[in-house]
Amino acid sequence: MNKKVSIGPKLYIALCFIFFYLPIAITMLFSFNSSKSLTHFTGFSFRWYEKLITDRDIISAVYVSISIAIISTLVSTVLGTITSIGLSRSRKVLKEWVLSVNDLPIMNPDIVTAIGLMILFSSIKLGRGYLTMLLAHIAFCTPYVITSVYPKVRRMDHNLANAAMDLGATPFQALTKVIIPMLKPGIYAGMLLAFTMSLDDFVVSYFVTGNGVQNISIVVYNMTKRTNPTINALSTLLILAVVIILIVVNVIPAIAKRQHREANEIASKGHGVWKKFAPVLSVILAIAIAGGCVYGFVKEQNRQVLRVFNSGEYMDTNLLTKFEKEYDCEVVYETYDSNESMYTKLLSGAEYDILVPSDYMVERLIKEDRIQPVNWDLITNKDNVISNLFENEYDPENKYTVPYYWGTVGILYNKNIVDKADLAQGWEILKNKKYAGNIYMYDSERDSFMVALKALGYSMNTSNHDELKKAYDWLVDQRETMHPVYAGDDVIDNMISGNKAMAVVYSGDGAYIMSENEDMDFFVPEQGSNVWYDSMVITKQCKDTKLANEFLNFMLREDVAKQNTEYVGYDSAVKSVYEYFRDDEYEGISACAPDISNPLNETFKYQDTELKEFCAGLWTKVKSY
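Quick note: the sequence shown uses this note's numbering, first residue 1, plus one each step.
Any given hint could turn out to be false.
Claimed, not checked - Below, in silico cross-link-like pairs of lysine to aspartate or glutamate (EDC-like), each with a Cα-Cα straight-line distance of 16 Å or less: (1) Lys469 to Glu351; (2) Lys322 to Asp583; (3) Lys434 to Asp419; (4) Lys36 to Glu516; (5) Lys382 to Glu397; (6) Lys612 to Glu467; (7) Lys546 to Glu397; (8) Lys51 to Asp316; (9) Lys125 to Glu351; (10) Lys367 to Asp608; (11) Lys399 to Asp369; (12) Lys36 to Asp490; (13) Lys433 to Glu363; (14) Lys562 to Asp583.
Stated by the list, open to error - Per label pair, the in silico range of CB-to-CB distance: (15) Gly437 to Lys469: 23 to 33 Å; (16) Gly43 to Leu120: 44 to 54 Å; (17) Trp376 to Leu104: 48 to 58 Å; (18) Tyr188 to Asp559: 25 to 35 Å.
No lab work stands behind these hints, which were simulated from the structure alone.
Just so you know, these numbers come straight off a predicted model, no measurement behind them.
We put the beta carbon where it would ideally sit given N, CA and C, even for glycine.
Full structure from sequences and hints, please.
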C-alpha cells in the first residue's frame with residue numbers, strides 16, 4: 001500500500017509565516033543598506049535613517065497621517081455608534097434603506113469615492129487641504145464602524161436600557177452606563193478598522209488633498225518614482241511602531257493581571273488621581289493646541305505664500321527651505337505622478353502658482369490660456385540657460401516657459417551581453433531574437449509607440465491611423481517574439497542589478513544606472529527619438545507674480561541648479577551645471593547627453609481627444625495581447 005505523503009500543520013504555518021513576513025524582513029534588512037540598491041546589500045549603514053529624520057516632507061506626512069487617523073477614527077466611531085443605536089429603534093423600511101446606502105461606500109471602488117468627493121469639495125468651493133482630507137476619511141470610515149457595531153446592537157437586549165431608566169437613570173446615563181458597555185467589542189473593532197483604513201488610505205487622500213498636505217501613502221508613492229531606499233527606513237519604523245502597539249495592547253494587560261494586590265491598589269489610587277485631574281489636564285491640552293493653531297495661523301498670515309506643483313522626486317526640497325529663508329516666505333509644495341493627473345487637479349479647481357509640466361502639456365496649457373507670461377526682467381539668471389533650450393515649437397517666442405530639465409529616450413544595454421555590431425539596427429534591435437526575453441520596454445503608451453514609429457521611419461507625432469496601426473502591429477509582433485517586460489521606474493534598480501540585457505529608458509535614468517553599474521552603456525538610435533523638455537510656468541491663478549518670477553530665477557542660479565541636479569539626476573537647463581555633470585561628475589557617460597542636432601529627433605506634441613482615444617485603444621490591445 002502506498003503511503004500518502006502529508007505536510008503537517010506546523011509546516012503549513014511555517015510556510016504561511018514565510019510568505020507573509022519574508023518581504024517585511026527583506027525591507028527591514030535593506031533599510032540598513034549602504035547603497036541605493038534595492039536588491040544588492042553592499043554594507044551596513046544608517047544613512048537612510050539619517051536622511052529620513054531630516055526630510056521635512058516625510059516628518060510632516062507622518063504628523064498628517066497620524067493626526068487625521070486619530071481624529072477621523074474618533075469622529076467616525078461616535079457617528080457610527082450613534083447611527084447603529086438609532087437604526088435599532090427605526091422602522092424596518094428606513095433601517096433597510098440606510099443599511100443599503102451604508103454598503104455603497106464599502107463596495108464602491110476607491111477611485112469612484114475619491115472622484116466623487118473631489119467634485120463635491122470643488123462644487124462647494126471648499127479649499128482642499130487638511131480639512132477636506134479629514135472630512136473624506138470620516139466619510140469612508142463611518143460605514144465600516146456601522147458595519148462592526150450594528151450586529152452587536154441587534155443582539156443586545158433593549159429592555160436593559162428601559163429597566164435602567166425605570167430605576168431612575170437618565171437617557172444619557174442609560175446610554176453610557178448600560179448600552180455602550182454592552183457594545184464595547186463592536187465599537188473597539190470598528191475603531192481599529194477605521195484607524196487602519198485611514199492610516200492606509202492613498203487613493204481618496206490623493207484626490208481630495210491640496211495646499212501641500214500629504215499623508216504617508218502619498219509621500220511614499222511619489223518617492224517610488226526614483227530609487228529611494230528612504231522608503232525602506234520609513235517602512236521599518238512603521239513596522240516597529242505596529243509591533244510596539246501590539247505588545248502594549250496584548251502583553252502589558254496580561255502582565256498587569258498577575259501583579260500583586262498591593263500593586264493593583266496603588267494603580268487604582270493612581271487611576272483615581274488621574275480621574276481627578278484628567279478634566280483639568282484635558283482643558284490645558286485643548287487650550288495649548290488651540291493656542292498653537294491660532295499662533296501658527298496669525299504668523300503665516302504675515303508671510304507670502306507660493307504654491308508649487310511638481311512631479312514626484314523632481315526637486316531637492318531642501319532648496320525650498322533655502323528659498324523661504326532668503327525671501328521670507330512660505331512654499332507650499334505638492335507633487336503629482338503624471339502630466340495628466342496634474343491637469344486633472346487643475347480642472348478640479350486646485351490652485352497653484354507654479355507648475356512644472358512637460359512640452360506637450362505646456363502646449364495644451366497655452367492653448368487653453370491657463371498660464372501667464374514670464375517677466376523676463378526679473379529673471380536675471382537667464383544667461384545661465386543653454387541657449388538651444390529657448391528654441392522650441394510649443395513656446396516659439398519663449399513667452400511662457402523657463403527651462404528646467406531636458407533629455408531624451410534611448411536604449412540602455414549590457415556591454416557584456418549585447419554585441420556592439422547589433423547596435424547598428426537601431427530600434428530594431430529590440431526585435432532581435434538573440435535577446436528574446438531579455439528586454440525591458442518602458443510601460444508608457446507614447447514612449448512605446450515612439451519606438452515603433454521611429455523604427456518604421458514615421459514621425460512620433462503622426463495622426464495617420466494607418467501609420468499608427470502599423471506601429472501597433474510592430475509592438476504586437478515584438479511582444480509575441482521577444483516577450484518583453486513592460487516596466488516603469490522599477491527598471492532603474494533592475495538594470496543596476498543587471499537583470500536584463502537591454503531597456504528603453506530616459507537619458508537621466510540611463511546616466512544614473514551607468515554610474516552604479518559599469519557594465520552598462522547607452523545609445524540613441526539614428527532613426528531619431530523623443531527629446532523632451534520640462535519647464536517651469538506661472539499659472540493664471542497666481543496672485544504674487546513677483547515672488548513666482550523670483551522663484552524661477554532662484555532655480556536658475558548656478559549653486560541651486562547644481563544642488564538640485566545632484567538630487568534629480570537629469571540634464572540641467574543651466575549650461576555650466578549640465579557640462580559639469582556630463583564631463584566631470586559622471587565622466588565617461590556623455591552618451592546619455594541629448595543630441596538635438598539630429599533632425600529626426602522630435603518633441604511630443606499635444607494630442608486631441610480623438611487621436612488620444614484611438615492610441616489608447618491600440619495600447620490597451622498591445623498590453624492585453
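Each hint, compared with the structure:
For the hint pairing lysine 469 with glutamate 351, the CA-to-CA distance comes to about 39 Å; that exceeds 16 Å, so the pair is violated. The suggested pairing of lysine 322 with aspartate 583 is violated, with an alpha-carbon distance near 28 Å, which exceeds 16 Å. Annotation: proposed proximity of lysine 434 to aspartate 419 holds, straight-line Cα distance about 10 Å (limit 16 Å). For a cut-off of 16 Å, the pair hint linking lysine 36 to glutamate 516 stands: about 9 Å separates their Cα positions.
Of the supplied pair hints, the one linking lysine 382 and glutamate 397 holds, its CA atoms being roughly 15 Å apart against a limit of 16 Å. With a C-alpha separation of about 15 Å, the suggested pairing of lysine 612 with glutamate 467 holds against the 16 Å cut-off. Of the pairs offered as hints, the one joining lysine 546 and glutamate 397 is violated, with about 21 Å between alpha carbons and a cut-off of 16 Å exceeded. Taken as a hint, the lysine 51 and aspartate 316 pair is honoured in the structure, with Cα atoms around 12 Å apart against an allowance of 16 Å.
The suggested pairing of lysine 125 with glutamate 351 holds, with an alpha-carbon distance near 11 Å, which does not exceed 16 Å. Between lysine 367 and aspartate 608 the alpha-carbon distance is near 12 Å, which keeps this suggested pair within the 16 Å criterion. The hinted pair formed by lysine 399 and aspartate 369 meets the criterion: a straight-line CA distance of about 13 Å does not exceed 16 Å. Annotation: proposed proximity of lysine 36 to aspartate 490 holds, straight-line Cα distance about 13 Å (limit 16 Å).
Restraint check for lysine 433 and glutamate 363: the C-alpha separation of about 39 Å exceeds 16 Å, so the hint is violated. Proximity of lysine 562 to aspartate 583 is assessed by CA-CA distance (about 14 Å); at most 16 Å being required, the pair is judged to hold. For the pair glycine 437 and lysine 469, the supplied restraint of 23 to 33 Å holds, since their beta-carbon distance comes to about 26 Å. In this structure, glycine 43 and leucine 120 meet the distance hint of 44 to 54 Å, their C-beta atoms being roughly 51 Å apart.
With their beta carbons about 53 Å apart, tryptophan 376 and leucine 104 fall inside the hinted range of 48 to 58 Å. A hinted range of 25 to 35 Å for the beta carbons of tyrosine 188 and aspartate 559 is inconsistent with their spacing of about 55 Å.
Violated hints, in rising order: 1, 2, 7, 13, 18; the structure is consistent with all others.
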